[in-house]
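Enquirer: Sequence:
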Amino acid sequence: MHIESTIKSTLQAALKEIYGVEEPTIALQPTKKDFEGFYTFVTFPYTKTLRKAPAEIGNALGQYLQEKAGVVSQYNVVQGFLNLSIEESAWVNTFNDLALDPKFGFWPANGQSVMVEFSSPNTNKPLHLGHLRNNFLGDSIAKILKANGYDVTMACLVNDRGIHICKSMLAYAKFGNGETPESAALKGDHLIGKYYVIFDKAYKAEIEELVADGMTKEEAEKKAPLILEAQELLRKWEQEDADTVALWQKMNGWVYEGFGATYQKIGVHFDKIYYESNTYLLGKDIVEEGLNNGVFFKKPDNSVWIDLTAEGLDEKLVLRGDGTSVYITQDLGTTDLKFEDFHSNKSIWVVGNEQDYHFQVLFAIMKRLGRSYADGCYHLSYGMVDLPSGKMKSREGTVVDADQLIADMEATAEARTRELGKIEDFSGEEAKNLYHKLALGAVKYFLLKVDPKKRMLFNPEESIDFQGNTGPFIQYTYVRIRSVMRKAEQMGIVLTTPAQNVPLTEIEKEVIFCLTDFPDRIANAARDYSPALIAQYAFDLAKVYNQLWAEVSVLNEPDEALRYFRILLSKAVGDTLQKALGLLGIGVPERM
RNA sequence: GGUCCCGUAGCUCAGUUGGAUAGAGCAACAGAUUUCUAAUCUGUCGGUCUUUGGUUCGAAUCCAAACGGGAUCACCA
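Residue numbers for the first sequence, in our numbering: 1 to 592.
Hints listed in this document are in silico derivations from the structure and should not be mistaken for laboratory results. Among these hints, one or two may not hold up.
Simulated crosslink set (EDC-like; lysine to aspartate or glutamate; CA at most 20 Å straight-line) [as the list claims (entries may be wrong)]:
#: 1; residue 1: 204; residue 2: 229
#: 2; residue 1: 52; residue 2: 17
#: 3; residue 1: 487; residue 2: 425
#: 4; residue 1: 204; residue 2: 182
#: 5; residue 1: 298; residue 2: 285
#: 6; residue 1: 33; residue 2: 4
#: 7; residue 1: 454; residue 2: 354
#: 8; residue 1: 449; residue 2: 540
#: 9; residue 1: 33; residue 2: 506
#: 10; residue 1: 571; residue 2: 559
#: 11; residue 1: 236; residue 2: 322
#: 12; residue 1: 543; residue 2: 510
#: 13; residue 1: 432; residue 2: 419
#: 14; residue 1: 204; residue 2: 218
#: 15; residue 1: 571; residue 2: 551
#: 16; residue 1: 222; residue 2: 208
#: 17; residue 1: 367; residue 2: 315
#: 18; residue 1: 250; residue 2: 179
Simulated DEER-style distance windows between Cβ atoms [as the list claims (entries may be wrong)]:
#: 19; residue 1: 56; residue 2: 540; range: 32 to 42 Å
#: 20; residue 1: 467; residue 2: 257; range: 34 to 44 Å
#: 21; residue 1: 250; residue 2: 543; range: 50 to 60 Å
#: 22; residue 1: 553; residue 2: 17; range: 43 to 53 Å
#: 23; residue 1: 494; residue 2: 418; range: 32 to 42 Å
#: 24; residue 1: 486; residue 2: 415; range: 18 to 28 Å
#: 25; residue 1: 317; residue 2: 201; range: 31 to 41 Å
#: 26; residue 1: 500; residue 2: 355; range: 50 to 60 Å
Beta carbons are placed, not taken as given, at the ideal position from N, Cα and C, and that holds for glycine.
Make a model of the complete structure from these sequences and hints.
Expert: Structure representation (structure tokens):
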């Protein structure tokens, strides 16, 4: 039995029986703190059709619920608000159902499959804070979709070719002197990133010189010797010149090694990796197809376009006059490829909001081409992470490096832990694992608690705290519960039977109330593609449990039945916190 | 200029899809530990929900306009 669904179905029956109204969906809301009751039904919407006063409707429905629902102990009506108080036995019954269900909160398989593409790193620089937001979002949304019953494939498209890659290759060839990650004592991705910056500096210097000689800036950017050389290198790569390909492979190998270490550290992995070097020529057959069926058209210079003005977009180039691809050409090809490979019902791209327009165009084209999967495509667009100084820019060195950030957070976790001195019996390895869990919990929670589509601010000085609305706060609540569980186990208490009907305090009801909301939160998080809803939920649950902790004692409760209930309640909260944090990709420690 | 996103407490953010007197965390201040982990809890302080109009029983939420911030409108990716 579930309180909320019982009230809803009884309300439907009441509306039909008393007023002859068929209401397919009943909206219940939590009662505001200042009023008596837990659930509130708003009667205002019915005043017009029923031509009765809101309070009158409230009283009639309240009476009906009290008599027939079996879970409503009493009611009160304030204006048009019908506030319902709940029978104590109903709380315990509802709680027993969820506490003894190991899969509580997760939805059964729904027969649908979805691909989540995220991360999409460039192999010319290490990951920074913005990438972390992308990775954590993608990883979390994949987990949330799984919890909703989807069969999920996590995919990654590596941008391993192109002019930007050639820039770092060229700089390395010119200034590298055979440096290796070992000789430089740098992670591979950081070494390559260093040469990307070196290229940019040298390139800018050339431009300045040319401008000083009277060239316009625009012209200088196109004619600087370094950029011409990089373009030449790209041509050689495309012609599969042996030396160029060998250099490319060597440098990419270093980057992959570096990325691998970072991915491992942040707990992100992929089921399928696509490489742009394999897919960049795809899409031309789709251009042909579109020309044949009149979706695309040719301009006199032989370039191919699509007119999307009917969709409120513009004319868009899909193939250059010389027959070479643009970004969207490849994306058309890879989109088809992804669906051919996995036949997913849905496909999600986790990509920053600067590409909103690109994805509008991509999806519109797929629809015009009559792709059956076009309606299942979704761009999970997220905002940038800003610094107090403004935007992050790799080339100007104003980025927060991912590896560095996590290392810093681990150091903070260690300092704080030592200060508190609660784990002095831990081995070095156990302690390291703890610091890592806390560091990752703090960073992931920080980035995921904000609505994805909003841009957010990261203040390195004060942003990532371990107190208040943070990952470690929730981890700490879990740790307290684990401490109780260990002691309960020592007392020989086994948690396999339902709790008896015991008298409950307000705070205990609130904890149960919060628990019952978990499945809906998981469903909403998937519907809105928002891990932030899960983060918020975990925080709410931790907070209400901490309140309970301050008000009542679990293990020291003299009444045996009540003590058993509180232990079981604590376990349910612990399990739910673990699941919720798990959906965010955050692990829980046993002690901290 | 066109299109899209955003604007809520000093700061960082929620606000269950139109409901009651708008909520958290941080910061500041005051308290709580003979008790299961105080990385906790309680309290105080803090608001013209950018502005103006509209829709209605009722608006932070929907519509329109203005203002402010950002993105994008590349034969870059």
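Enquirer: Each hint: holds or not?
Expert: Outcome of the hint check:
1. Between residue 204 and residue 229 the alpha-carbon distance is near 14 Å, which keeps this suggested pair within the 20 Å criterion.
2. For the hint linking residue 52 to residue 17, the alpha-carbon distance of about 16 Å falls within 20 Å, and the restraint holds.
3. Between residue 487 and residue 425 the alpha-carbon distance is near 18 Å, which keeps this suggested pair within the 20 Å criterion.
4. Restraint check for residue 204 and residue 182: the C-alpha separation of about 29 Å exceeds 20 Å, so the hint is violated.
5. Distance check on the hinted pair: residue 298 and residue 285 sit about 15 Å apart at the alpha-carbon level, within 20 Å; holds.
6. Between residue 33 and residue 4 the alpha-carbon distance is near 18 Å, which keeps this suggested pair within the 20 Å criterion.
7. For the hint linking residue 454 to residue 354, the alpha-carbon distance of about 12 Å falls within 20 Å, and the restraint holds.
8. With a C-alpha separation of about 12 Å, the suggested pair residue 449 and residue 540 falls inside the 20 Å cut-off, and the hint holds.
9. Distance restraint check for residue 33 and residue 506: the Cα-Cα separation of roughly 11 Å lies within the 20 Å cut-off, and the hinted pair is therefore satisfied.
10. Restraint check: the Cα-Cα separation between residue 571 and residue 559 comes to about 18 Å, which is no more than 20 Å; the hinted pair holds.
11. Restraint check: the Cα-Cα separation between residue 236 and residue 322 comes to about 18 Å, which is no more than 20 Å; the hinted pair holds.
12. Straight-line distance between C-alpha atoms of residue 543 and residue 510 comes to about 11 Å, which keeps the hinted pair within the 20 Å bound.
13. Of the pairs offered as hints, the one joining residue 432 and residue 419 holds, with about 15 Å between alpha carbons and a cut-off of 20 Å not exceeded.
14. Restraint check for residue 204 and residue 218: satisfied, since their Cα atoms lie roughly 12 Å apart, inside the 20 Å limit.
15. Distance hint between residue 571 and residue 551 is fulfilled; the C-alpha atoms sit about 17 Å from each other, no more than 20 Å.
16. Distance hint between residue 222 and residue 208 is fulfilled; the C-alpha atoms sit about 13 Å from each other, no more than 20 Å.
17. Restraint check for residue 367 and residue 315: the C-alpha separation of about 16 Å stays at or below 20 Å, so the hint holds.
18. Under the criterion of a C-alpha separation no larger than 20 Å, the hint pairing residue 250 with residue 179 is consistent with the structure, at around 12 Å.
19. Distance hint check: the CB atoms of residue 56 and residue 540 are about 35 Å apart, consistent with the given range 32 to 42 Å.
20. About 37 Å separates the C-beta atoms of residue 467 and residue 257, a value consistent with the hinted range of 34 to 44 Å.
21. Taken as a hint, the range 50 to 60 Å holds for the pair residue 250 and residue 543, whose Cβ atoms sit roughly 52 Å apart.
22. Between residue 553 and residue 17 the Cβ separation comes to about 46 Å, which falls inside the hinted range of 43 to 53 Å.
23. At about 36 Å, the CB distance of residue 494 to residue 418 agrees with the hint of 32 to 42 Å.
24. Separation of residue 486 from residue 415 is about 26 Å and conforms to the stated range, judged on CB atoms against 18 to 28 Å.
25. In this structure the hint that residue 317 and residue 201 lie 31 to 41 Å apart at CB holds, the actual value being about 32 Å.
26. At about 57 Å, the beta-carbon gap between residue 500 and residue 355 stays in the expected band of 50 to 60 Å.
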